[in-house]
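Student: Chains as they are written, first to last, in the working numbering: chain A, 1 to 255; chain B, 1 to 280; chain C, 1 to 369.
Any given hint could turn out to be false.
Unchecked claim - Result set (DSBU-like, lysine-lysine): computed pairs, CA atoms no more than 35 Å apart in a straight line:
#1 C/Lys109 <-> B/Lys84
#2 A/Lys197 <-> B/Lys153
#3 B/Lys14 <-> B/Lys84
#4 B/Lys153 <-> B/Lys23
#5 B/Lys153 <-> B/Lys84
#6 B/Lys276 <-> B/Lys84
#7 C/Lys109 <-> B/Lys276
#8 C/Lys109 <-> B/Lys153
Stated by the list, open to error - A few chain A positions that, by computed beta-carbon distances, are all more than 10 Å from chain B:
#9 Ser58
#10 Glu77
#11 Leu101
#12 Met114
#13 Ser182
#14 Pro243
I should point out that these hints are in silico values taken from the structure, not numbers from a laboratory. The model shown is predicted, which means the values in this text are computed figures rather than measured ones. Beta carbons: idealized from backbone N, C-alpha and C, even for Gly.
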Amino acid sequence: MSLLLQAQGLNKRFQSVDALDDVSLTVSRREILAVVGESGSGKSTLLATLAGLQSADSGRITYYGADRPQDIGDMDEMQLRRLQRTQWGFIHQNARAALRLDVSAGGNIGERLMMNGARDYGEIRETAARWLDEVEIGRERIDEMPLNFSGGMLQRLQIAATLVTSPELVFMDEPTTGLDVSVQARVLDLIRNLVHKLDVATIIVTHDLGVARLLADRTVVMQGGAIVEHGLTDQVLDDPQHPYTQLLVSSVLPS
Amino acid sequence: MISYNFAYLDEQTKRSIRRALLKAVAVPGWQIPFGSREMPLPYGWGTGGIQVTASVIGETDRLKVIDQGADDTTNAVAIASFFKRMTGVEITTHTADATIIQTRHRIPEHPLTENQIIVYQVPQPEPLWRLIPERPVAMRAHALGDYGTMYVKLYEDITRFGRVASAYEHPVMVGGCVLMSPSPIPAFDNPKMDRMPALQLFGAGRERRLYAVPPYTSVRSLDFADHPFHPGRADGTCSLCGSTTSYLDEIIMDDHGTRRFVCSDTDYCSERQDAKDTTP
Amino acid sequence: MAFVATKGGEGAIAAAHAWRADRRHGNGQGCTLKQATTSFGRAIDRVMAEGALYDPDLAARALLQAEGDLVEAAFLLRSFRATRPRLIDSLPIETGNMRVQRRVSAIFKDLPGGQRLGPTTDYSHRLFETEDGHSPSEEPELTNASGEAPSRIPGAIGILGEEALLESVPAPHDADLPPDLSTTPLRFPAERRVRLQALARGDEGFLLSLAYSTQRGYGNTHPFVGELRMGEVPVTIAPPELGFEIDIGSIVVTECQMVNQFNGSKVAPPQFTRGYGLSIGHSDRRAMSMALVERSLRAEELGESTGSPAQDPEFVLSHCDSIQATGFVEHLKLPHYVDFQSELEIVRAIRAEAGMARQENQEAGDDLV
Numbered sequence: 001m002s003l004l005l006q007a008q009g010l011n012k013r014f015q016s017v018d019a020l021d022d023v024s025l026t027v028s029r030r031e032i033l034a035v036v037g038e039s040g041s042g043k044s045t046l047l048a049t050l051a052g053l054q055s056a057d058s059g060r061i062t063y064y065g066a067d068r069p070q071d072i073g074d075m076d077e078m079q080l081r082r083l084q085r086t087q088w089g090f091i092h093q094n095a096r097a098a099l100r101l102d103v104s105a106g107g108n109i110g111e112r113l114m115m116n117g118a119r120d121y122g123e124i125r126e127t128a129a130r131w132l133d134e135v136e137i138g139r140e141r142i143d144e145m146p147l148n149f150s151g152g153m154l155q156r157l158q159i160a161a162t163l164v165t166s167p168e169l170v171f172m173d174e175p176t177t178g179l180d181v182s183v184q185a186r187v188l189d190l191i192r193n194l195v196h197k198l199d200v201a202t203i204i205v206t207h208d209l210g211v212a213r214l215l216a217d218r219t220v221v222m223q224g225g226a227i228v229e230h231g232l233t234d235q236v237l238d239d240p241q242h243p244y245t246q247l248l249v250s251s252v253l254p255s
Numbered sequence: 001m002i003s004y005n006f007a008y009l010d011e012q013t014k015r016s017i018r019r020a021l022l023k024a025v026a027v028p029g030w031q032i033p034f035g036s037r038e039m040p041l042p043y044g045w046g047t048g049g050i051q052v053t054a055s056v057i058g059e060t061d062r063l064k065v066i067d068q069g070a071d072d073t074t075n076a077v078a079i080a081s082f083f084k085r086m087t088g089v090e091i092t093t094h095t096a097d098a099t100i101i102q103t104r105h106r107i108p109e110h111p112l113t114e115n116q117i118i119v120y121q122v123p124q125p126e127p128l129w130r131l132i133p134e135r136p137v138a139m140r141a142h143a144l145g146d147y148g149t150m151y152v153k154l155y156e157d158i159t160r161f162g163r164v165a166s167a168y169e170h171p172v173m174v175g176g177c178v179l180m181s182p183s184p185i186p187a188f189d190n191p192k193m194d195r196m197p198a199l200q201l202f203g204a205g206r207e208r209r210l211y212a213v214p215p216y217t218s219v220r221s222l223d224f225a226d227h228p229f230h231p232g233r234a235d236g237t238c239s240l241c242g243s244t245t246s247y248l249d250e251i252i253m254d255d256h257g258t259r260r261f262v263c264s265d266t267d268y269c270s271e272r273q274d275a276k277d278t279t280p
Numbered sequence: 001m002a003f004v005a006t007k008g009g010e011g012a013i014a015a016a017h018a019w020r021a022d023r024r025h026g027n028g029q030g031c032t033l034k035q036a037t038t039s040f041g042r043a044i045d046r047v048m049a050e051g052a053l054y055d056p057d058l059a060a061r062a063l064l065q066a067e068g069d070l071v072e073a074a075f076l077l078r079s080f081r082a083t084r085p086r087l088i089d090s091l092p093i094e095t096g097n098m099r100v101q102r103r104v105s106a107i108f109k110d111l112p113g114g115q116r117l118g119p120t121t122d123y124s125h126r127l128f129e130t131e132d133g134h135s136p137s138e139e140p141e142l143t144n145a146s147g148e149a150p151s152r153i154p155g156a157i158g159i160l161g162e163e164a165l166l167e168s169v170p171a172p173h174d175a176d177l178p179p180d181l182s183t184t185p186l187r188f189p190a191e192r193r194v195r196l197q198a199l200a201r202g203d204e205g206f207l208l209s210l211a212y213s214t215q216r217g218y219g220n221t222h223p224f225v226g227e228l229r230m231g232e233v234p235v236t237i238a239p240p241e242l243g244f245e246i247d248i249g250s251i252v253v254t255e256c257q258m259v260n261q262f263n264g265s266k267v268a269p270p271q272f273t274r275g276y277g278l279s280i281g282h283s284d285r286r287a288m289s290m291a292l293v294e295r296s297l298r299a300e301e302l303g304e305s306t307g308s309p310a311q312d313p314e315f316v317l318s319h320c321d322s323i324q325a326t327g328f329v330e331h332l333k334l335p336h337y338v339d340f341q342s343e344l345e346i347v348r349a350i351r352a353e354a355g356m357a358r359q360e361n362q363e364a365g366d367d368l369v
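This is chain A alone, in the form it adopts within the complex (with noise of 0.2 Å):
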């Protein structure tokens, strides 16, 4: 598998704390990456930092795009830009505030479409209305504004109107928090099935590792902003080595 993006030694500090304390990891072609930890330990300043939202004191982040290696630090905004839009995607824990609920769900799906330079209204739809099938919400419910959509729905839509350009990457922060059990486990399992069948790379923020087992291929535990453990995710939640982790693992049901 071919790397796609490396981070080297990102610090961040907030005031006297350390957010992110020489953090380095790699993440590779249609590879999921878990990040996890506890609320405070850094692991959402991670994610928004690679995903180029905000920047670190210091360190470097590198993506090996389509040409070439490019450093996401030397990039101007413009491109950095073009690169969330294009290659890149984000996926919020809060659908409500990321989606446009006074716009119809087929124009929610298709905003990145356009963004990206569609200009015929008939793809556009008909691509918005394979995505709503995509995702489980159907269609028919193309013209409908999510205004009224249930939390699961508009996580669904969320993804349907991220995942829709095809990018390489998509960046997750706590993409089921929030929503009922019963639908956190639909969503996971679409999550799973379409990074899959698209072979997009995924770094997924999660705090409950119950994510981290069923969708990632490794994971990095996080405490105080800093990399605590990392490994193949079997093995980082079946026999965790440093104290942080085997209480995280300890403390959760067996799955």
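Given the coordinates of chain A, assemble chains B and C onto it according to the supplied hints.
Tutor: Okay, now just chains B and C, sitting in the frame of chain A:
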């Protein structure tokens, strides 16, 4: 007795506005902030257009002022009389005779030439304002060429109404890269802006922005390949000059809703009527 | 000395009033009641609207007493009204019967009854007038605009209604009288006729700014002025013991009917919706602002997206009253030293605790960063 400089504003102010206009011409469609002054007409009445006209007008210019296409509407008359008093230049109603045309909500029917400047009064220079009310965010979208939201609006229009629902102020892409508000002209007038030989200047006084479209610049109305831009006009004939191609106003004749159509461009209409009178 | 006067300073209060009275009289050069009545018509109109009482003479008196402070004058008027008995409710005024002085429609070039500018500064150049009271422009002699007496003119936007392009006016609940905001508290959700009452006497500046915000993208309503009219309307009562109607006089009002673009969807046809504004006296600004805000408060009812300040009925209606607002903002200058004293105690206590904790940490080797 208080006296005023030629064209009301002092020379320093006029120069600063002209500098902003030069920037505007250099980056077609891009909104340039400028130090808009309080004018003796209220904001919303065309203070931006008046400042632009005041800063480019000279003693030998001939000025035409229209509002809704007509020279005789109250606001047009008030602005024309202001310039008459403050500059002494000749005021004309003939499009072809004018060197500067200040307009609100229309482009004359008569094609403009390289020797003319058209000054648009603009209430809202930001084409994204309905979608992104926060101006710094909108400015970022322009800088990054992020116009997806604008297309989302068109998509929604077609989905809900079967057609693009903006009948006026339909956004345009200038020089293939900058999204611009054409000011609240009817969609019917949008195609006239494309590769127009005249210099087009836009002034928004209250919002303190200027922008420009240099002669012969490409101005395309936003649309979809399978839903091309369609400039509309009332399906009727001018009851005064018989025009079937000009933009028409609807006039209510009585309480029963009887109506007739007349050209919105009064100069175009009267020229056609005169021509009819003289040709047997 | 001045500080002590905040406590039991009867003498200080009397002196403050005397100073104000002296300032107002301006050495005998001050404005007389008659001058105020004739020269400050628009100020009087605003005082009557926000004071929610139609009485130009009293409003002029209030204006003088308040040294031209409009909110203070409206306050005087409203507190006076509280002392008057309520004899009878008039019948609703009928603006269709207005003796029109001014009437414009922005959506038609011409229409039955014509466009009448009336007394307006709309198209004047804002230049100072010379000493003799005339602006340097050639000011024409007063003529009766169209050479005829002010007359009754049909409404401009009825024409749209005939084509069903305009939503119909919601039928009035004539069974029950509308709740009177001057005697009943505002409750939410507030029905439309309550909202209209609150807006009608709301602060003009507040309404204006909210209306302006909707025009800049914060809750846009796509407005057009369908019709703006100003003139006198008769006020009629129908005493139950008499069984017939009596005109008891007339009042000047300004009415604005906004017509707002496109509502509707694939199921409901596109239609124009209405926003309504009515102001006592002559104030285009007030009536138009009210109409914009009124329409914007209907966003939820019409299924539009909400979230902008002008679309939040509770926010708008709870804060639009200038007299309530000025009272509560300005009350902060009353003595609050008892409350402040208790705050002082708490801040001192917290600081002392924090200081102690810091000291302990330092002693323990400062392992907290």
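Student: Can you list which hints this structure breaks, lowest number first?
Tutor: Hints 5, 10 and 12 contradicted; others consistent.
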